[in-house]
Amino acid sequence: MEQTFQGSKDYVASQELMRSVNISIALQKPLLIKGEPGTGKTMLAEAISQALGKKLIIWNIKSTTKAQDGLYVYDVVQRLYDSQFGNEGVDDIGKYVKLGKLGEAFSSEEQVILLIDEIDKADLEFPNDLLWELDKMEFYIPETKETVKAKQRPIVIVTSNAEKELPDAFLRRCIFHYIEFPDEEQMEEIIKVHFDHVEEHLLQQVLETFYWIRGLYNIQKKPSTSEVIDWIHALVLGGVDPDKIRETVPFAGVLLKKNEDVDTMKRYMKNR
Amino acid sequence: MFTSFFYLLRARGLKVSLNEWMSLIEALDKGLHGSSFTGFYYLCRGILVKSEADFDKFDGAFLEYFKDMEFTDELPQELLDWLENPNRHTDGQYDEAALLRNAGLAEQEIQRMFLERLEEQKEQHNGGAYWIGTRGASPFGNNGDISKGIRVGGESKRRSAFQVAGERKFRDFRQDNTLDTRQFQVAFRRLRQFSARSDAAKTEFDIDGTIRETCDNAGNLKVVYDKPRKNTVKVLLLMDSGGSMDYYSRMCSALFQAVSKSNHFKDLQVFYFHNCIYSKIFKDPQMRPASAIQTDWILQNISSEYKVIIVGDAQMDPSELMEGSYYSYGARDSVPGIEWLRRFKEKYPHIVWLNPSERPYWGGWWAKTYDIIHKDFEMYRLTLDDLHTALKKLMVNR
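Which chain is which? The protein sequence lines are A and B, in order. For the first sequence, this note's numbering begins at 1 and goes up steadily by one. For the second sequence, this note's numbering begins at 1 and goes up steadily by one.
Misleading hints may appear alongside valid ones.
Said to hold, decoys possible - Subject to a maximum C-alpha distance of 16 Å in a straight line, what follows is the list of computed EDC-like cross-link-like pairs (lysine to aspartate or glutamate):
| # | chain 1 | residue 1 | chain 2 | residue 2 |
| --- | --- | --- | --- | --- |
| 1 | A | K95 | A | E125 |
| 2 | B | K15 | A | E118 |
| 3 | A | K151 | A | D135 |
| 4 | B | K392 | B | E378 |
| 5 | B | K222 | A | D82 |
| 6 | A | K149 | A | E138 |
| 7 | A | K98 | A | D168 |
| 8 | B | K393 | B | E305 |
| 9 | B | K230 | A | E138 |
| 10 | A | K34 | B | D313 |
| 11 | B | K227 | B | D206 |
| 12 | A | K66 | A | E16 |
Said to hold, decoys possible - Which bits of chain A does chain B cover? Going by a derived footprint, with three or more residues having C-beta under 8 Å, they are:
| # | segment |
| --- | --- |
| 13 | 29–39 |
| 14 | 167–173 |
| 15 | 225–236 |
| 16 | 251–264 |
Simulated from the structure, these hints should not be mistaken for laboratory data. Beta carbons are placed, not taken as given, at the ideal position from N, Cα and C, and that holds for glycine.
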C-alpha cells in the first residue's frame, strides 16, 4: 500500500520535510524531528494523522517518565488493596496490567501514528530502553506471560528540543529531520492557513517587522511562528492601522516575552 | 557503488554506521530518492546524519565527493545531464587556482580584503575571482563557489543539491563553533551530582520501603516516603569584566545567563575581576569600589567543594600579572596576580579556566601572560566540544 504525505489543510510542510516523512514511512523507521521551538514539531504528527486518516496516539514525555510507563503498568498497590478487602478478580493479574501508550499503539487493530513528544525531557538512558521495542515492535509482560506484538507497525514520530544529546544507538535507528525556521514566503503560506483572510498590506507589514525583529543582533528569545500568529490576532482584534505597525510595533509583548528584548527592540527602533 | 563515499563521510568525522548505510541502500532500492539528485541528497542526509551540528560536515563531504564524480550509466539520465551541464558554470570559466587560494583564507583576512575591495571597486563584476560580484571564485558576493566568505545581499537559492550543500548554511551548528545561551545551559546540566543526604522533607514515594513495611505489617498497607535526590553541586564563577573582554561581552553574557538560570545548582556565587584576580574582587560587573570584597574572604569562606569556573582572556600587560603593587580600583596590592591565581588553584581542586579568545597567534608580547597562566590552568575555549571537556573535568576527581 502506497502512503504518501503531502502536507495537510492546516499544516504547511516544506518539500524536504515531506520527503523525510515519506522516507521514514517507507523504511518503517522512527522519524526524529528537531528544530527551534515554535516550528511546529508536535503539530506535524497531527497533520500526518489527518492527511493519512489514521488515529494519533500521543505519548508526552516528562522528566520523570520511564520507558516502562509506555509499555505497561502493573498496578500492584491496587491489587494489594483489593486483596485486603477480598474483592473479586484478584487472581486475574491481567486485570491489573494496564497498557501504556506504546502498548496501546501496538495492540491497535489498525495502523496508528505514535507521537513520542519531547523525548529529550526524559532521563538520558530513556531512548536506549526503547530500542528493542521500537525495532521489533513487540514486548513481553512477565506478569501475564503475554507478548504484545504490533498488529500493524505504527508510524513513529519522535520530537526533541535538543536539551539532551540522544544516544547513538537510538539515533542510528531513526530518520532525522531538522525543521528550519520558515522563510518569509513559507511564513506567508503558514499564516494564510491559520487565517481565512488577512489583508495583504497588513500581512506584508507584519512579516517585514517580524523578520526585522528576528534579525536584531541582541534578541535573546527570538519570536517564532506561534507568536506571529498570536500577534496578527491581536492586531486584527485591536484594529491597528497597518501603516503604523512598522513604526510603533503595537502589542510588542505578544512577540517578545522578555523585558530586555523589548528594550533592545526599542533601542533599534530609534536608530531605524 | 558509493562505498568510498561511506568511508569519506567517516573520514570527515561523521559517525555513520553500517546499519545506516544498509538503510540507505535499501531506500535507494525502493527508489525513495525519486530519481533526482536533490532527492538523493536529502535521502542521504536524513538517513546518515543525526544532528544539525553535523549537517555542515556532511555538506562539505558531499560536495567533495560528488563534485568531480564520473557517473556511470547506473544512475538516472537526468543526473548525468545535470552534471554535464551544471548551470552554475554557464557564465564562463574562471581560475581554479584562485578558488583554492581563496578557500584557504581566514575569516579576518576575508573581512579585511572585503573592506579593501569595497574601496577599490567602482563597477559591477560577475564571474571573476577577485571582485565582489555574482558567481565566480572570489570570497565575496553571491552564488560563488567558494565555501566561505562574505555574501553580499541577494536571495539564497535552494533548489539543487549542490547549491543546498554548497551553501553550507548549517555551518553555525558545527560543534566547534562558539555558543549561545541555550547550548551553554544544556552543557551546564552536566554539572550534576545527586545525593539524598540533603536536609529536605520526605516527599518522594518509596516503593521498596512501602513493600517492606507492608510485609512487616502483616499485609496491611503502610506507605513510606523518602527524601528526594538533589543536586549537590556548588559553583563559584569568576568573570573577567571590561577592557579586552568587551569584545567577548555577548558570549560571556550568554554564558552568564546560562549559569545563573541553571537552577539545579545547590549554590552559585558570581564575582568579577579586571584582567586578573588581586586582593579585591567585585560583586558587580561594573566593579564599583562599593561592591568590592576581600579576595581572602572568598578563599576563607567559600569551601573547597565549590567547582570554580574562571572566565577570562588571560591577556594583559605582563606587569599586571607578575608584579606586585599593581594599583587597581583603589586596591593597592603587594601580591602579584599570578600568586592570587595560584592560591585559588591550591584551594579548589575543581577549577577550570574558560577562555573566549584563542592564544594570540602572533605570539610574542600579547601571548606572554596567556602562556604563563596556561602553565597553571587547564584552558578551554568557549566551544561546545571544549566546554564539555571542561565540565567533565570539573566533575571528576583529579
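A quick look at each hint next to the structure:
no., hint, verdict
1, K95(A) with E125(A), "30 Å, violated"
2, K15(B) with E118(A), "24 Å, violated"
3, K151(A) with D135(A), "14 Å, holds"
4, K392(B) with E378(B), "12 Å, holds"
5, K222(B) with D82(A), "15 Å, holds"
6, K149(A) with E138(A), "4 Å, holds"
7, K98(A) with D168(A), "31 Å, violated"
8, K393(B) with E305(B), "14 Å, holds"
9, K230(B) with E138(A), "35 Å, violated"
10, K34(A) with D313(B), "34 Å, violated"
11, K227(B) with D206(B), "9 Å, holds"
12, K66(A) with E16(A), "32 Å, violated"
13, 29–39, "holds (count 3)"
14, 167–173, "holds (count 4)"
15, 225–236, "violated (count 0)"
16, 251–264, "violated (count 0)"
Of the numbered hints stated above, those contradicted by the structure are hints 1, 2, 7, 9, 10, 12, 15 and 16, listed in ascending order.
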